[in-house]
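Trainee: Going down the list, the protein sequences come from chains R and G. Counted from 1, the first sequence has number 216 at position 216 by our numbering; the numbering is strictly sequential. With the second sequence counted from 1, adding 266 to any position gets you our numbering.
Keep in mind that a hint or two might mislead.
Counterexamples of contact, computed for chain R against chain G with all Cβ distances above 10 Å [as the list claims (entries may be wrong)]:
{"hint": "1", "residue": "Glu-169"}
{"hint": "2", "residue": "Val-171"}
{"hint": "3", "residue": "Thr-202"}
{"hint": "4", "residue": "Ala-221"}
{"hint": "5", "residue": "Ala-236"}
{"hint": "6", "residue": "Glu-258"}
List of simulated lysine-lysine pairs, BS3-like, C-alpha gap at most 27 Å [claimed, not checked]:
{"hint": "7", "chain 1": "R", "residue 1": "Lys-181", "chain 2": "G", "residue 2": "Lys-351"}
{"hint": "8", "chain 1": "R", "residue 1": "Lys-148", "chain 2": "R", "residue 2": "Lys-158"}
{"hint": "9", "chain 1": "G", "residue 1": "Lys-351", "chain 2": "R", "residue 2": "Lys-174"}
Bear in mind the hints are in silico, worked out from the structure with no lab data behind them. This one's a predicted model, so the numbers in the text were calculated from it and none came from an experiment. C-beta: ideal position from N, C-alpha, C; glycine also.
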Amino acid sequence: MRKPYHMLIVLVLLALIILAGCGGSETGTLQFNANGEDFVRQGFVSKDGWAITFDHVYVTLADVTAYQSDPPYDPHAGGEVEATTQVALDGIHTVDLAEGGEDAPPILVGQVTDAAAGQYNAISWRMVRASEGTTAGYSLVVVGSAEKDGQTISFTIKVEPEYTYTCGEYVGDKRKGMLQKDGAADLEMTFHFDHIFGDTETPLDDDLNVGAPGFEPFVGAAQGGTLDVGMPDLQAQLSAADYQMVVDILPTLGHVGEGHCHCETR
Amino acid sequence: MKWKWLVLPMSLMLLLALTTTASAHGAKIEYTISMAVEIVATYDTGSPMTGGQVTVYAPDDPATPWLEGVCDEEGRFVFTPDPTKPGTWDVQVRQAGHGDMIHIPIGEDVATTGGGGYSTFQIVLMSTCVIWGFVGTALFFSRNRREYAHS
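Only chain G is shown next, with the shape it has when bound in the complex:
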């Protein structure tokens, strides 16, 4: 039963140890691997667009800026796209009345936006095929019934 006398000193030592750890200005480093995109904006002459205003548009909402920032002295700007938003990311850079927009496909090859894309001919063709499918099905079942009626 002597060991019970050791409980208090050991508890104090444990507490001291924990306290020491907490007061040691510890550092913690975690990491996640992500894909960053670096753009470099220059004028036609090759000189950098230092301080150029950058606007990034995500593929799921191309009308609303997803991120805004400024190019560094070398015309560079780095951003990390949201990996849950695959598609074409649009990046616009403007400065002093000049600008450009670049389109960066990221992740799956997903169309950004766009109209229906079907021509009138395609719509008519698809409609005809669908109608014919229904008609064919109906004729098939009606023939079976007639055959059963005759048999």
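Okay, chain R solo, but in the shape it has when bound:
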């Protein structure tokens, strides 16, 4: 009478061993980077001839989430990401995109060490108002200086609105987000500051420069070579058209490499 029970125990153990083998989690480390690109690290000349350098570019990021989306997310269509797997980075992170030297790597915002393996082909994040520190109350703070024809203006531009960026796959030299078991992969939140000031190396009739306010509109709001403004100040001191350009261009800052994102402003 004992044999059947022995057989039962053996079969159950066998099943558990098989399941343990099949159910082994395949995970790796997924890193989230933020990148202001060479424009922030090295500076550039605006479309209207101001040589701009950055001391600090603080962005506060929240709800950073990577997706294995199926179908692939289309930022032109917008909407929600349809994901089979998603990985969220906990916490709210304020990072300085200007940190490091001219050739510094992108800023590591955080990482998840037990992310499911697979291809992360979409990412979303919120740019939110910081709740503490020197940037409290602002989602973006840009500190730097602009020089043209011997005139120098030190500027601090503070942005209060919050933005939610939803993006598809990273577009760049190398494909990102391919996470193998026990491996590491990275995703990038890229910010294009040439969209605000324009770029003298791009034709003036290019969409980039047509849509960019440039730096000249900010000059009028400076006092004694210093510009320290938030969005209400800009609304009061810029022309209605220039202010609207600033409002319209801020949602276009967020990219994934060279790929555009869908943005909602709050």
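Fit chain G to the known structure of chain R by using the hints.
Mentor: For chain G alone, coordinates are given in the frame of chain R:
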């Protein structure tokens, strides 16, 4: 036996004929039917991404470029995917700091890559079903043995 005298002249004529064929700059056309994919890359304004850098990724190795090329003046690029690699082919076009990626399903509806896709609940449910299958099988055979023992 006179015909033997004809062998040499006929052989020479045949050789001449072959030589003539070989020196006639002949052309040869063969064909295979394949499916080409044409993409057209434009900026948001509708203007073409002339000279845009194109990178094509095959579904079996999405991390390594399968083909690289350049868009023509109208932003067009044509490539012929390998029919032995069905799935989603990804095509990236970049130029002047802007770019986009398109995903083209070709052949069978095969998933490109991706994680396991099973939730914890699904794994537990599947595990329970498998274990119950083994237990049920064991109980079935143990009952039969008991019945045989009693009979």
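Trainee: Does each hint hold? Answer for all of them.
Mentor: Here's how the hints hold up against the structure:
{"no.": "1", "hint": "Glu-169", "result": "violated (5 Å)"}
{"no.": "2", "hint": "Val-171", "result": "violated (4 Å)"}
{"no.": "3", "hint": "Thr-202", "result": "violated (7 Å)"}
{"no.": "4", "hint": "Ala-221", "result": "holds (28 Å)"}
{"no.": "5", "hint": "Ala-236", "result": "holds (32 Å)"}
{"no.": "6", "hint": "Glu-258", "result": "violated (4 Å)"}
{"no.": "7", "hint": "R:Lys-181 - G:Lys-351", "result": "holds (24 Å)"}
{"no.": "8", "hint": "R:Lys-148 - R:Lys-158", "result": "holds (22 Å)"}
{"no.": "9", "hint": "G:Lys-351 - R:Lys-174", "result": "holds (22 Å)"}
Of the numbered hints given earlier, the model fails hints 1, 2, 3 and 6; all others are met.
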